[in-house]
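Please put together the full structure from these sequences, using the hints given.
If you read the sequence shown in the UniProt record's numbering, its first letter stands for residue 1, the second for the next number, and so on.
One or more of the hints may lead you astray.
[As the list claims (entries may be wrong)] Simulated crosslink set (EDC-like; lysine to aspartate or glutamate; CA at most 20 angstroms straight-line):
no.	residue 1	residue 2
1	K185	D238
2	K185	E252
3	K121	E84
4	K121	D142
5	K66	E84
6	K224	D100
7	K209	E256
Source of the hints: derived by calculation from the structure; they are not laboratory data. All figures in this text were calculated on a predicted structure; none of them were measured in a lab.
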Amino acid sequence: MTDQHLADPVYCPNNANPIVLGIESPMLPALRAALLIPYFILGCTAGLLLCIVRPFHPNNTRDCAKLFSWGRYILGVRMTGLNESPVGNGQAVYLANHQDSLDVFIYPGLLPGNIAILGKKDLMYIPVFGLLFWLARNIFIDRGNKSKAWETMATVANLVNKRACALYIFPEGTRSRGKGLLPFKSGAFVLAIEAGIPVVPICYSSTHKNIDLGRWKSGRALAKYLEPISTEGMTKDDVKALAERCHALMAEGIAELDAQIARENGN
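Next up, the structure:
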């Protein structure tokens, strides 16, 4: 994430209260963005110090993610509802829906230990954050080299098994920005099948429906793990069906979380 990402548009419905605790609602999103930028820099610095003290520790990603997730208090978001990971700190490929730049401040504190994040190679060139990402034992891939995509996933699968760790991936490959759950790329499923480890979908409630940054208490976020899906006995021929199955389950799970928030809000 960069300062530019922090400046990305955020969702703020037009029915926001005109004045909340003496602060005009149009100013709150800008104020929060202004506070998140130094908070992000502070989080990177603290995380980097942690990773320098214990480089490549299995829990670095989880612990650094918690630092960033405290940013939800700046956003005024109440985060509740996540059940325990069905595989604990065991191996799995975790799939999560990626909505916008706010995700990094709301959901990452939910990650289990012994996990790595799969990120694009470009992240390594972000000052401080790139070094932090590497020392936290995360994994970079070159998404631009499509001709070697399968080979790349096989290499990552071998690395995951060598480390005996879990992996966290956004299967959409980009932020959805309020467009709902986008189609999944095949890479996460190729990787899970190559590694022979289960897939664990994670559903996050919709930011654009449930969070209004123009309010002092901007809203609620919910998350839940779905049941693991075994990849035992699967081959490359099963990639498409596995991706479609996970997409359907996650779309249903997200809709259930949104409906739960709507009921609690009296809608």
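Hint by hint, here is what the structure shows:
no. : hint          : in the structure
1   : K185 <-> D238 : 14 angstroms, holds
2   : K185 <-> E252 : 19 angstroms, holds
3   : K121 <-> E84  : 31 angstroms, violated
4   : K121 <-> D142 : 5 angstroms, holds
5   : K66 <-> E84   : 16 angstroms, holds
6   : K224 <-> D100 : 18 angstroms, holds
7   : K209 <-> E256 : 13 angstroms, holds
Of the numbered hints given earlier, the model fails hint 3 alone.
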